Every structure is written in structure tokens, then in C-alpha cells.
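Colleague: Please put together the full structure from these sequences, using the hints given.
There are 6 protein chains.
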Amino acid sequence: MIYISRKEHFNAAHKLYNPSWSEERNKEEFGVCSNENWHGHNYEIIVTVKGLVNKESGMIINLKTLSDIIKEEILDKVDHKNLNIDVPFLKGIITTTENVTIKFWEVLESRLKEENICELHRIRLYETPRNFIDYYGEK
Amino acid sequence: MIYISRKEHFNAAHKLYNPSWSEERNKEEFGVCSNENWHGHNYEIIVTVKGLVNKESGMIINLKTLSDIIKEEILDKVDHKNLNIDVPFLKGIITTTENVTIKFWEVLESRLKEENICELHRIRLYETPRNFIDYYGEK
Amino acid sequence: MIYISRKEHFNAAHKLYNPSWSEERNKEEFGVCSNENWHGHNYEIIVTVKGLVNKESGMIINLKTLSDIIKEEILDKVDHKNLNIDVPFLKGIITTTENVTIKFWEVLESRLKEENICELHRIRLYETPRNFIDYYGEK
Amino acid sequence: MIYISRKEHFNAAHKLYNPSWSEERNKEEFGVCSNENWHGHNYEIIVTVKGLVNKESGMIINLKTLSDIIKEEILDKVDHKNLNIDVPFLKGIITTTENVTIKFWEVLESRLKEENICELHRIRLYETPRNFIDYYGEK
Amino acid sequence: MIYISRKEHFNAAHKLYNPSWSEERNKEEFGVCSNENWHGHNYEIIVTVKGLVNKESGMIINLKTLSDIIKEEILDKVDHKNLNIDVPFLKGIITTTENVTIKFWEVLESRLKEENICELHRIRLYETPRNFIDYYGEK
Amino acid sequence: MIYISRKEHFNAAHKLYNPSWSEERNKEEFGVCSNENWHGHNYEIIVTVKGLVNKESGMIINLKTLSDIIKEEILDKVDHKNLNIDVPFLKGIITTTENVTIKFWEVLESRLKEENICELHRIRLYETPRNFIDYYGEK
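Chains A, B, G, X, R and Z are the protein sequences, given in the same order. The opening position of the first sequence corresponds to residue 756 in this note's numbering, with each subsequent residue numbered one higher. The opening position of the second sequence corresponds to residue 756 in this note's numbering, with each subsequent residue numbered one higher. The opening position of the third sequence corresponds to residue 756 in this note's numbering, with each subsequent residue numbered one higher. The opening position of the fourth sequence corresponds to residue 756 in this note's numbering, with each subsequent residue numbered one higher. The opening position of the fifth sequence corresponds to residue 756 in this note's numbering, with each subsequent residue numbered one higher. The opening position of the sixth sequence corresponds to residue 756 in this note's numbering, with each subsequent residue numbered one higher.
Treat each hint with caution, since some may be false.
Just so you know, same-sequence chains aren't split out, so a pair can sit in one copy or run between any two.
[To be verified] Capping the alpha-carbon separation at 20 angstroms, the derived lysine to any residue pairs in SDA-like fashion look like this:
(1) K805 with R879
(2) K810 with W776
(3) K832 with W860
(4) K894 with S775
(5) K832 with V808
(6) K810 with D889
(7) K819 with R877
(8) K826 with N871
Please keep in mind that the hints were generated in silico from the structure rather than gathered at the bench. Because the structure is a prediction, the values reported are computed rather than measured.
Modeller: Below you can see the structure in the form of C-alpha cells.
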């Protein structure tokens with residue numbers, strides 16, 4: 756069992772806002788992140804999959820394939836977008852890094868199961884170089 | 756003459772959009788950067804000032820002073836904001852990295868002239884780790 | 756279960772020295788790190804906590820809260836300090852990255868238990884970009 | 756139990772090529788990585804070992820010792836070399852990052868067992884800043 | 756006058772070797788870099804152009820255009836290639852970072868003159884994160 | 756004319772303190788940097804030299820030679836040292852990054868003149884990733 760990781764990036768706008776709370780509570784809980792006119796980030800995503808090394812190719816999965824899957828399932832839908840408005844699979848959630856990472860997991864795990872090549876191990880999502888989330892699909 | 760630089764960062768939303776152009780031309784020129792619902796970045800700014808070393812302190816300018824000036828004049832106004840909407844000194848411009856950097860120069864140079872300690876040499880603004888602008892106040 | 760990490764930094768002096776050893780043995784074991792007049796580092800600390808996502812806030816813990824706790828319990832006590840002399844909770848230990856990380860764990864875990872929001876998962880401490888320790892509280 | 760990591764780097768040439776496949780299949784599977792005249796990388800390797808902290812030294816293993824072992828067993832054999840031609844312990848494998856990492860594990864684990872100081876935990880090998888392998892010796 | 760920079764990367768093999776010298780002198784001058792079976796690098800290139808900001812677009816040059824030009828003129832020709840063998844415009848030179856950077860300048864300057872949008876200011880080429888060349892076209 | 760740069764690093768302790776000032780004034784001017792028990796940094800130094808490319812070697816200066824000179828003149832004297840106490844050529848100065856950079860320039864320029872291969876162009880010294888000095892020998 757060995758683990759391969761691919762790092763990609765995207766730029767997006769968002770805000771943290773719970774519509775069932777008052778303006779005051781949103782401001783209190785989310786601070787400057789609740790600015791009504793949005794703010795944004797250069798997100799970095801590291802996708803780690805695990806599997807056995809194929810004897811013939813010497814690879815778990817072709818990195819080109821993994822990179823294409825990330826692009827189709829994630830980057831094409833979130834890059835240069837507003838995470839609160841423009842992304843169907845993020846609709847209705849508060850766009851914290853925690854929630855966004857869990858949604859990315861659902862989308863990627865489902866696709867990788869179809870491909871049946873390797874298993875998703877972890878998604879790491881950096882909102883900034885100093886804040887990041889790790890999710891292993893644990894429920 | 757010696758040069759000291761301080762690096763800071765801020766997170767902001769923006770879009771590239773010229774209101775005097777048609778939607779088509781905006782899309783053609785600015786591509787995904789013209790997404791009407793905004794996108795955003797973790798901007799990094801490096802401010803370089805130059806001056807003579809003060810014999811008593813061994814410094815051109817106290818970095819705490821320089822950092823406070825950048826915070827007051829720039830970061831407090833742009834961090835977790837929308838560059839097209841929320842920032843008075845950016846009103847009416849297309850928020851390309853070029854234009855934003857020139858505006859930052861005007862604001863900082865004016866303040867440093869008041870302080871009369873050292874001279875602004877360069878502003879470098881990273882929109883992403885791979886795209887950045889340098890401005891030296893040349894007209 | 757999901758994991759959130761916050762990266763912070765501090766600058767400190769230290770030396771590696773076991774007072775029960777001879778000068779020769781200290782030099783032999785610790786090399787240049789035993790220089791009697793100290794040396795120092797830009798340390799980087801990554802604190803990882805784990806927990807469930809709060810349905811209302813979309814967060815495990817507010818990163819502002821986590822960052823404040825790290826500041827109060829760690830950074831305010833070690834930043835711009837001498838780790839061998841100035842830090843009460845490091846007194847009497849050899850200030851290797853191993854020992855410092857374990858002490859940071861004790862201090863942070865105790866505080867996070869009081870706060871009762873989430874569980875400490877890992878402390879990673881970089882002494883330099885090429886040397887770092889991971890501690891998960893295993894005894 | 757605590758974990759210490761040391762990061763090193765080396766520069767090497769390689770190509771991905773399975774001699775039992777046709778040129779077409781090599782090109783199809785490995786793309787530009789199969790260029791017959793080679794390409795190369797600035798590899799980065801992070802070696803993590805685990806153990807108990809020695810009470811007297813405050814260390815799991817002297818980092819100088821660990822660094823010397825990595826140099827003798829790995830770097831001296833692969834730095835400024837061709838991974839497909841010049842490295843005896845890589846002979847006969849397809850030099851994917853997966854396979855190279857597994858071979859590094861075998862070489863380092865064997866040496867660390869002789870030294871009998873600490874246990875190898877993980878080898879992480881970056882082929883580029885965006886592609887990396889983690890191996891924990893799992894079979 | 757303002758300066759915009761774009762960072763790109765490529766992976767290539769090379770060796771330093773002067774065919775008019777003896778093996779001994781090549782080894783003496785170029786050391787491990789003269790290994791006959793090649794070695795390689797993850798090169799990083801930063802291309803800086805200068806110009807006036809276009810009033811309508813707010814840009815010196817569309818970064819997509821600049822990025823496409825670098826791709827067509829440089830990356831497509833050197834990525835996953837052997838710099839000594841595979842690249843027509845590098846034929847006959849010793850592939851030091853100095854010489855490669857000067858050749859990149861010639862190729863890019865010629866293309867940018869055709870495009871007639873902006874002026875090439877500097878090419879920075881990193882062979883490793885610790886070694887890099889800057890060239891401004893000075894003769 | 757072309758420019759080559761080499762990046763190196765060292766770890767050192769220091770404090771900012773002017774002995775002709777009162778404790779209060781030292782604290783006021785230098786803040787936490789004046790802590791009597793020292794603090795420290797992982798300094799990074801980038802040395803840039805300029806010259807013509809030697810036709811035979813394709814190099815301005817052999818990077819091994821440049822690296823050795825930096826090691827002999829700078830690193831061997833400051834690494835794992837206290838900049839205020841242990842370094843003869845820094846005696847009597849306030850160890851601000853400004854003053855340390857100027858002293859490094861004097862030492863390196865003098866040695867490079869002896870070697871008579873190339874000319875010192877710039878010394879950049881990072882005290883932290885966010886604070887750095889550039890010196891070009893301007894008086």
C-alpha cells in the first residue's frame with residue numbers, strides 16, 4: 756500500500772454567513788469573513804489516493820488521470836467562481852473550509868469509485884498558507 | 756543607501772470588468788476573471804523603502820513603524836473586502852493587479868512623505884504565486 | 756471527524772546543553788548547537804485539532820479562537836525569548852525540538868480540555884525548514 | 756513515541772519506460788515522461804523516523820547521524836545521476852516515484868535496523884512540488 | 756512604466772560538458788554536473804515584461820497572452836526534454852543556466868517584438884531553489 | 756553582463772541593543788528585539804554577483820567557488836553563533852539586518868576583489884521570511 760498526492764490550486768470568492776442568524780450573530784461568529792460583498796482566496800488542494808503499485812506501469816494511478824479527474828470534478832466547477840453562488844454541489848452549505856472539503860470528498864470519492872483504480876485517502880484544503888483542513892472520509 | 760522590505764498579505768474578492776464594454780468584450784478580454792459573481796485571491800504585498808542607516812538605531816526605519824503604516828493605509832482597507840466595491844481609493848478603476856499596485860503606491864508614498872523618514876522604492880503585489888507586478892512610481 | 760490546522764511562528768534563542776555532562780561530551784553530542792553564547796531559529800508551529808463540524812457554524816472551532824489560544828499559551832511566552840532561560844514551562848529540560856514540542860503539547864492540551872471544544876491531534880514544530888518534529892501525545 | 760523528520764534534496768535524470776512494451780504503448784502510458792533522451796527533477800526527500808526521547812540527550816536520534824545515513828545510503832548514490840542507469844539498487848525497475856520510494860525504504864530501513872537507534876516511519880518523495888509519494892513500508 | 760512577471764516551470768535533463776576539453780578537465784571544472792549519463796532539474800522561469808498600463812483594459816499585457824507566448828516559445832520546446840540534445844535553439848552551447856537564460860532571452864525578445872505589445876525586461880531562471888540567473892539583455 | 760545568485764542559510768542568536776542608551780530607550784526603540792537573554796533567527800542570504808559569461812565554461816563563476824567563498828567568509832563565522840558576541844567583524848555594531856548586511860558586503864567584496872573573477876552586485880539578507888534587506892554597496 757502506497758500513497759500518491761497531487762497538488763492543485765484555484766481562486767474563488769466566498770463569505771461565511773448563516774442565513775438563519777441575525778447580522779449581529781454572523782458578525783460575532785464569523786468576523787471579517789462575513790463581509791457582505793465577499794472576499795476570496797487562492798485555495799490549494801492536495802488530493803491523496805492509495806493503492807498497490809501496478810507491476811507493469813510502476814504506478815498506483817497515472818498522475819495525468821488523477822489530475823484530469825480533479826480538474827473535471829473540482830477545478831472546472833470552483834476556479835474563478837463564487838463558492839456560495841456558482842457551485843451546484845456547494846449549494847446550501849456555509850462555505851467554511853471544513854464544509855467545502857467534505858463536499859470535495861463526496862464528489863471525488865464517488866468518481867474514483869466509478870473509475871475503480873484506487874482509493875481516496877485524504878483531501879487537504881488550504882484556505883491560506885496558515886489555515887488548512889484534512890479530511891479522511893471519517894463519519 | 757540601503758533597501759528594507761516588509762511582506763504582508765490580505766484576502767480579497769474582485770472581478771475584472773470594464774463597464775463601458777459589452778459583456779462579450781469583457782468575457783473575451785478578461786476570460787474567467789470577469790465572472791459576475793466575483794472570485795478572489797490571497798494577495799501578498801512586499802513594500803520596499805530606501806534610506807540611510809541611522810547611526811544610533813542601526814535602522815533605516817523601524818520595521819514596526821513600516822508595518823503599522825502598511826496596515827493602516829492598505830491592509831485595514833482591503834483585507835477581507837471586495838476591491839471593486841468596498842475600497843474608496845480603488846473606486847472607478849478596473850481592479851487589475853497593475854491598477855491596484857499603482858493606487859497602493861499613491862497612498863503609501865503620500866503617507867511616507869508625511870512621516871519624512873524614508874523613501875518608497877518599490878511595491879510588489881502578488882495576485883497569485885505565479886503572477887506579480889512591480890511598480891517603482893515611474894510615470 | 757475532521758482536522759483543522761493553524762500555522763504560527765516565533766523567533767527564539769537556545770542552546771543544547773546537558774549540565775550533567777562535561778564540556779567535551781556536550782560538544783561531541785550537540786556539536787555547534789552547544790555554542791555557549793547561544794544561537795537561534797525562526798520556529799514554525801502547526802497545531803492540528805480534530806472534532807466534528809458544528810452544524811450551525813460549519814466549523815470545528817473558530818480559527819480565531821484557536822489562534823488566540825496558541826498565542827496566549829505558546830507565542831506570548833516564547834517569541835523573542837531564550838528557550839533555556841526565559842520560559843517557565845521549559846525550565847530544566849534540554850531544549851531539543853523533541854522536548855520543546857512535548858512541553859507545547861502539555862500546555863495546549865490542558866488548555867483545550869478546559870475549553871472543551873475540540874481535541875488536540877498533533878503538534879508539528881519546525882526548527883528549520885529541513886528539521887521538524889511531530890507529536891501526537893503518545894506515551 | 757515521537758517522530759522526527761529530515762528533508763534533503765537531489766537532482767537526477769530519468770525516464771519512464773517499460774522495455775517489454777512497444778514504443779507506442781510507452782508513449783501512451785507515460786506520455787512526455789518517456790522521452791528517450793531523458794528529463795530530470797530536483798527531488799526532495801523527507802525521511803521520518805520514530806522512537807522514544809533519550810532522557811540524557813533529549814533526542815530520538817542525533818539529526819547529524821540521521822542526515823549522514825541519508826547521505827551515505829541515498830544521496831551519494833542518486834545525486835547528479837541517472838536513476839535508470841547509474842544506481843545499482845534501482846536497476847531493473849521503472850523509475851516511477853512509487854518504485855523509487857519503495858527502494859529507498861528498503862535501503863534505509865535495512866541500515867537503520869543495523870544502527871538500532873530508531874525505527875523508520877515514512878519516506879516522502881517529491882518529484883515536483885505538486886507530485887509526491889508517501890510510503891510507510893506497508894506490504 | 757510598470758513591470759509584470761509570470762512564473763512557469765519545466766523539467767529537463769542536461770549535463771555540463773565542453774567537448775573540446777579532456778574528460779579530466781570537464782570533471783575538474785564541472786564536477787558531478789558533468790556525469791555522462793545526465794542529471795536533471797525542475798527549472799523555474801520568471802519572465803518580466805514592462806510597459807504602460809492600457810487605460811481601457813487596466814493591463815500592460817493580458818497574462819494569458821504572455822503565458823501562451825512563454826509556452827509556445829519555451830516550455831513546449833524544453834519541458835520533459837534533454838537540453839543538450841532535444842532543443843534546436845540550444846544546440847552547440849554548454850547548457851549552464853547562464854547560457855540557457857541568454858538563449859531564452861533571444862527567443863522571447865524576438866517574439867515579443869513581433870507582437871509589439873510590451874518590452875522584455877528580465878528573465879530569471881532557477882536551476883534549483885538556491886541557484887538562479889538574472890538576465891536583462893545587457894551585452 | 757549577467758547576474759548569478761546563490762542562496763545560503765545560517766542560524767544565529769542576537770539582540771538589538773545600543774549600550775549608550777538607557778534600558779527604557781532600548782525597550783522603546785527595539786521592543787521585544789532587545790530581550791536581554793537574546794532571541795534568534797534562521798537567516799537566509801542571497802549573494803548576487805555579475806560578470807561576463809566565460810566562453811569556454813559557459814559560466815560567470817563556478818557556483819562551487821562562489822558557495823565556498825560564502826562559506827569561508829560568512830557562514831563559518833556566523834552559523835550557530837551569537838552575532839553580538841562571537842563574530843569579530845560584527846563587533847561594536849548594533850546587529851540590525853541593515854548593519855549585518857553592510858558588514859557582509861565589506862567582507863565579501865574584499866574577497867571577490869582578491870579572486871578577481873566577478874563583481875559583487877547585491878546582498879539580500881532575510882531575517883525572517885517577511886523582513887529583508889538589499890544592499891548594493893551604495894554609499
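Colleague: Hint compliance check: list the failing hint numbers for this structure, sorted ascending.
Modeller: 4 and 5
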